[in-house]
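Residue strings, one per chain:
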Amino acid sequence: MIGSLDILANASLWAAVLRIATPLIFGVLGALVCERAGVLNLGIEGIMTLGAMVGWLTVYWGGDLWTGLAMAVAAGMAMGFLHALLTVPLGLSQHVSGLGITLFASSLSYFLYRLWVQVGDLPPTIEPFKPLPVPYLSAIPFLGEAVFTQMPPTYLAFAMVLFVAWVLGRTPLGLALRMTGENPHAVEAQGLNPIRIRIGAVMAGSGLMALGGAFLTTGAFNSFFPTMVQGRGWICIALVVFASWRPGKALLGAILFALFDAFQLRLQTTTPGVPYQLFLMAPYLLSIVALILVARRARVPEALMTPYRRGER
Amino acid sequence: MRFERREDISLPALLLAPFAAIAVALVLCAGLIAMAGVSPLTAYAEMLRGAYGSRLAVTETLTRASPLILTGLAAAVAFRARLWNIGGEGQFYMGALMTAALGHSAVAALPLPLAWAVLVVAGMAAGAVLLLVPAILRLRFGVDEVVTTLLLNFVVLLFVGLMVEGVLKDPMAFGWPQSVPVASALRLPDLVPRSRLHIGLVLAIVMALVVWIVQSRSVFGAQTRAAGLNPSAAAFAGVPLTATLVKVAALSGGLAGLAGVIEVLGPLGYVTTTMSPGFGYAGIVVAMLAALHPVGVVAASVFVATVFVGADAMSRATGVPSFIADVIMSVALLAMLTALLFTTYRVRR
Amino acid sequence: MTGPVLELDGITKRFGTLLANDTVSLALAKGEVLALLGENGAGKTTLMNILFGHYAADAGEVRVNGKPLPAGTPRAAIAAGVGMVHQHFTLAGNLTVLENIVIGAQPLWSTSLHRDSAAARIRELSATFGLPVDPDARVADLSVGERQRVEILKALYRDARILILDEPTAVLARPEADQLFRILRGMAQSGLSIIFISHKLHEVMDASDRVVVLRGGKVVAERATAATTPAELAELMVGRAVTRPKRQAHATGAPVITARGLSASAGGGMRLDAVDFDLSKGEILGIVGVSGNGQAMLGRVLSGLARADSGTLAFQGQDIARLTPRQAVRLGLGRIPEDRHAEGVVGDLALWENAVLERLPEVSRWGFVRRAMARARTADLIRRFDIRGATPDTRTRLLSGGNMQKLILGRNLAANPPFLLANQPTRGLDEGAIAAVHAELLQARADGAAILLITEDLDEAMALSDRLQAIVKGRLSDPIPAEQADARKLGLMMAGVWTQETAHAL
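Chains as they are written, first to last, in the working numbering: chain X, 2 to 314; chain U, 692 to 1040; chain G, 191 to 696.
There could be a bad hint or two in this list.
[Unchecked claim] So the derived label-pair ranges between C-beta atoms look like this:
(1) G/T207 with U/L706: 23 to 33 Å
(2) G/M563 with U/P931: 20 to 30 Å
(3) G/M563 with U/V897: 26 to 36 Å
(4) U/L739 with G/H278: 52 to 62 Å
[Said to hold, decoys possible] Just so you have them, the derived chain X footprint on chain G, three or more residues with Cβ under 8 Å:
(5) 272-286
(6) 308-320
Simulated from the structure, these hints should not be mistaken for lab results. Since the structure is predicted, the reported quantities are computational estimates derived from the model, not experimental observations. Glycine is no exception: its CB is placed at the ideal position from the N, C-alpha and C atoms.
With the rest of the complex left out, here is chain X (with noise of 0.2 Å):
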C-alpha cells in the first residue's frame, strides 16, 4: 500500500489527472449549467458521444482541432435546443425526453460514423492535440510537468470554470439564469422570459457537454469507437450534484474523480492478480458513495424539474 501512496508523488500521475478529469470539467459544467437553470439535463451521455463524434469527424475531414471543436459545440447546442424544446416550452418529462436525446445523438452519431467513415481492422485516426507547455510557468519543478504541461482544451476547461462561476455569481444573466431554477414564476414577474432563459441556458450546457466529448477524440484519443464516453455523462450528473451545484465544488469533484480514475489504472498495472473489471467498477461505485454521502445536505435548484407554463402554478 505504501508504493501505491509513493505514485501520488508522482508529477505525471498528476497530469494524468488532469487529462482525464478535462471533459468531466466540461460535462459537469454544462450539466451544472442547464440545472441551475431548472433544466435536467439526462441526455448528456448522448450529446458527449455526438460531441466526440463530430469533434473527431471535423478533423478527419481535414478541418483543424480547434474548428473541431466548434463543430462538436455547434452540434452540442442543437441536441440541446431539442431536448429544450421538448421539456421547456412543451414542458415534458425531464427523465424521459433527456434518455431519448441520448439515445438519439449516440445511434446518430453511431450511424453517420458508419455511413461515412470505411473503418477496417482498426478505427483511422486523426493526429490530436499536443501538449503545450506554459512559457516559464513549465520550468516550476513537479507543478510545471502536471499542471503547465496540458493540451490545450484543459487549460481552456479551467478558465471554462472561472467564466461560468463569474457569470453566475457576478452578471445579471447568471442572477436570471439562477432565479428561473429557483422561481421561474418570480423571472416572469419581472419582465423577463423564463422560458427564453431556460432555453439558452440547456444550448449553452449542451455545447460544454460536447466540447467534453470532442477532448475524448481529439485529446485523451485519436479515434471515436462507439461506447467510447463509457458513461461519463452520467457520472458528470451525480458529479453536479456532490458538488452541490457549485462550479468551484465541480471542478474539485472532476479533479478527485479522476485522480481516482487514475490511481485506478495504475493499480491495474501494479496488481496484476486483481481482475481489471474490479478496478472498472470502483468509479460508477465510488459515484454512488459520493451522491449516498451529499443528497441530504445538496441544496437543490428548488424549480429543477418542474416545468413551467404561463399561467399555470
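Based on the hints, put chains U and G in the right spot on chain X.
Chains U and G in isolation, oriented as in the chain X frame:
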C-alpha cells in the same frame, strides 16, 4: 401558442399517438436512409421482408420481442409509480447471470417444472435486488434513482465480464468469454419447430396480462396509481408510500430479470457480455410507446423487434448501417413523448 | 385633475368554457386607493393578471396614462410603471433580498450586478416608504411580513406608479395588515395609485377610497367607500342573500380528545410547542391563527402524517401521539386536509377511487377491489352529500372546489366518526359552498362528533365554534368560550396577546 389542459384525457388521441409517433420516426429517418444513397421505400420494404418475409423471419422477430415485452413491462410498471428505473439493462443481466450460475448446478437435477420455477424465482429475485438498492437509496438517503440505476448498469456489465472470464467461464468455448451452458434439459421448449422461438413468449404475454389485471383491479394497483399520481394525497389516505415503492421496485426489477432468464433458457443457453442488444434501454422505448399500458407493451415490443430484426436484414441487403434501427427507436420515443402531450393538452391559438 | 392613470376597457377572458372576465371596465385616478372586491372565483385575479400582462385578454384594452399597453407582456407593464404584488409571492427563497429585487432591472448582458449601488437604493426606498428589510438577507430566512415588503420593494425599485396587490392580507395578522394599509395610504398620498384585491369587507371599508365589486366575471357595482356600507357590499358581492347556518347551543358530552404538552417538529415548518387542548363529544373547538403559526403541524399530527416529539395526545383514552393515517382511519378519526388538491384527492383518479382510497380493505376481497361495491358506496355519497354534476366515474379533478370538499366531507362523515379534524374547511370556496360545508359540520356536531376546526376566517370560527383558542408561533392560548369572543379580541389573541400582563404591556 398556448397549451390548455383538456378536461379529460382524449382517448382517440391516446390510441392514435403511438401510430403518429412511429410515422414521424419513419419519415424523419427516411432522410438518413436517403443520405446513404438508398431509396427509403426500398429500405423499409427490405425491413418488412427481413422481419416477416419468411417463417424463420417471423419467428426471429417474435423471439426478439419476448424479452422486450418483459423489459418494457419493467419500465412501464416503474414509471407509472414515478420510479425512474433506467436500470433494466443491468437487471436483465442479473437475471441471466443467475440462471447461468444455477443452470448447471444442482438445480439442473430437480424435476423439470420445479427446476424452471427455481430458476425463474431466482432470476427475478436477482433483478429485483438490483433495483431495490437504488429504490432504498432514494427512500433512505434521497439519492435520485435515475443516476444510480444508470451507473449500476455499467457495474453489472463489468460483473458479468468478471464472471464469464472467471468462475463461470466455459472451458469448451475456445477462449471466448462466455459462461458454461445451462443443462440442455432446462432449455425452454420451442413454440415453432426448427426455430428459436420458445415458450418464453407465452410467459411474457401472460405476465403482461397479469400485470394489467393487478394494476387495474387490485388494492396494490389502486395504491400504486394513487401514489404515482399524487403522493401526498395517497399518504394522507393511508397508502404506505415506502412499502408501495419497494413492492413496485421488486416487481419492476423482477420483470427485467425474468427477461434475462428466458433469454438464457430460450435462444442462447449461456451468458456473454454482449447478449443484450440494449433490451433494457429498448424497454423504456417500448413502455413509452405503449403509454405505460401493459397490453400496449406487447404490441410495442413487436414493433421494436420488427425494427431491429428488419434493420439487420435491410443493412445486409442495402448497406445502410443497421444503427438506423436505434435512430428510428429513439426518434419514435421523442415523438411519442410529444404526442402524449396532446392527449392531455390542446393547443390554443 | 388630469385623466385616469389607468383604464381597463371591455376586458374579456375565457378559459375553455369558463368566462372569467366579461367586458370588465374600470378606471383608476392618481393617488387613489381602489379596492377590487369579490368572492373567490369572481375573476379578480384573472383581471389583474391581464392588467400586469401574465395573460392576454381575448378582447378589450388596458391603457396606462392614455397609452394602450401591449397585451401579454409583464415587461411592458413594468416599463409603463405598473407593479404587482402577487398573492403567492414570486420570490426565490435561496437567493438574497437584493438579488430578488434587482433581477430584470438591468440589461441581461451587462457585466456587473452593481450590488453596492443597488443595496444603497434599496435602503433608501426602505427608509422613504417605511419598509425595513436587510438587502443581504436570504429570502427563505425572512418572515411572511418581511417577504411582502420585499415584493413591494421590487415594484418600487422598478419605479412603479401603479401598484396592484392581490389579497395582500391573506397571510398577515391583523396588526401587520393595519400597518400595511397605513404604508399604502402613505404611498397614495405621495402620488402612487393603488389597487388591492380583497374579499374582506372590513379592510375594504377601512382602507379604500372607492370599491369595484366583481361577481361572476362582471363588474356589478362601483361605490365610493364613504357612501356604502358593509351590508350593501356583502350583498353585492354574493349577489343573493346566503345565510350561513348558525350554531345552536347544546350540552357537550364526554371528552374525546385530550392533548397535554404536545410538541412536534418533524419535517420543517413551524413547530408545535407544548400545546394543551380538550375536545368533547358534540363540541366544536376553533383554532384561529395567521397561517404559518403551527396550524399545519397540528393538522399533520392529528391526521397521522407527523409524530409528536413529546407530550400526550389521547383519543377516547387511547394514546395517539404516534398515529399513522391508516390507524386514524381505523380508529374513526375523520380528517379534512388543509389543501384539498394537494392532500385531499388524487385529481386524475375517478371519484369512486378517491371515495374509497382510505378504506380499500373494506371494499376488497383477496386483495382485489370490489368495484361494484365501491361505486355503489360512492353513488350513495353523491346523493347524501349533494355532490353536483358527478357520477362515480367522473374524473375528480373536474369537480368544483365546493363539490370536491363535499366529497371529502362525505367520505369522512359517512361512517359517523367520533372525531373530525376540519383543517381550513372552506378555504377558497364561494358563499354557497361555505354555507353547505358549515351545515354539514354543524350536523356532525349535532350527531355527537367532536370537531377540531382550524381556520383563518374569524367569522367562520365565531359562527361554528363552542370554544376558541388562538395559535401563535406554535403555542396555543387558553380557550375562551364563543360567547366572549369578538373580532377585536380574537385579532389580539392571534397577534400573541392573550394574557392579562401582555395585554397591559401593549
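Each hint, compared with the structure:
1. G/T207 with U/L706: 23 to 33 Å: With Cβ atoms ~25 Å apart, the hint holds.
2. G/M563 with U/P931: 20 to 30 Å: Distance hint for G/M563, U/P931 holds at roughly 23 Å.
3. G/M563 with U/V897: 26 to 36 Å: holds, 28 Å
4. U/L739 with G/H278: 52 to 62 Å: At 55 Å between Cβs, range holds.
5. 272-286: holds (count 9)
6. 308-320: violated (count 0)
Hint compliance for this structure: hint 6 alone is broken.
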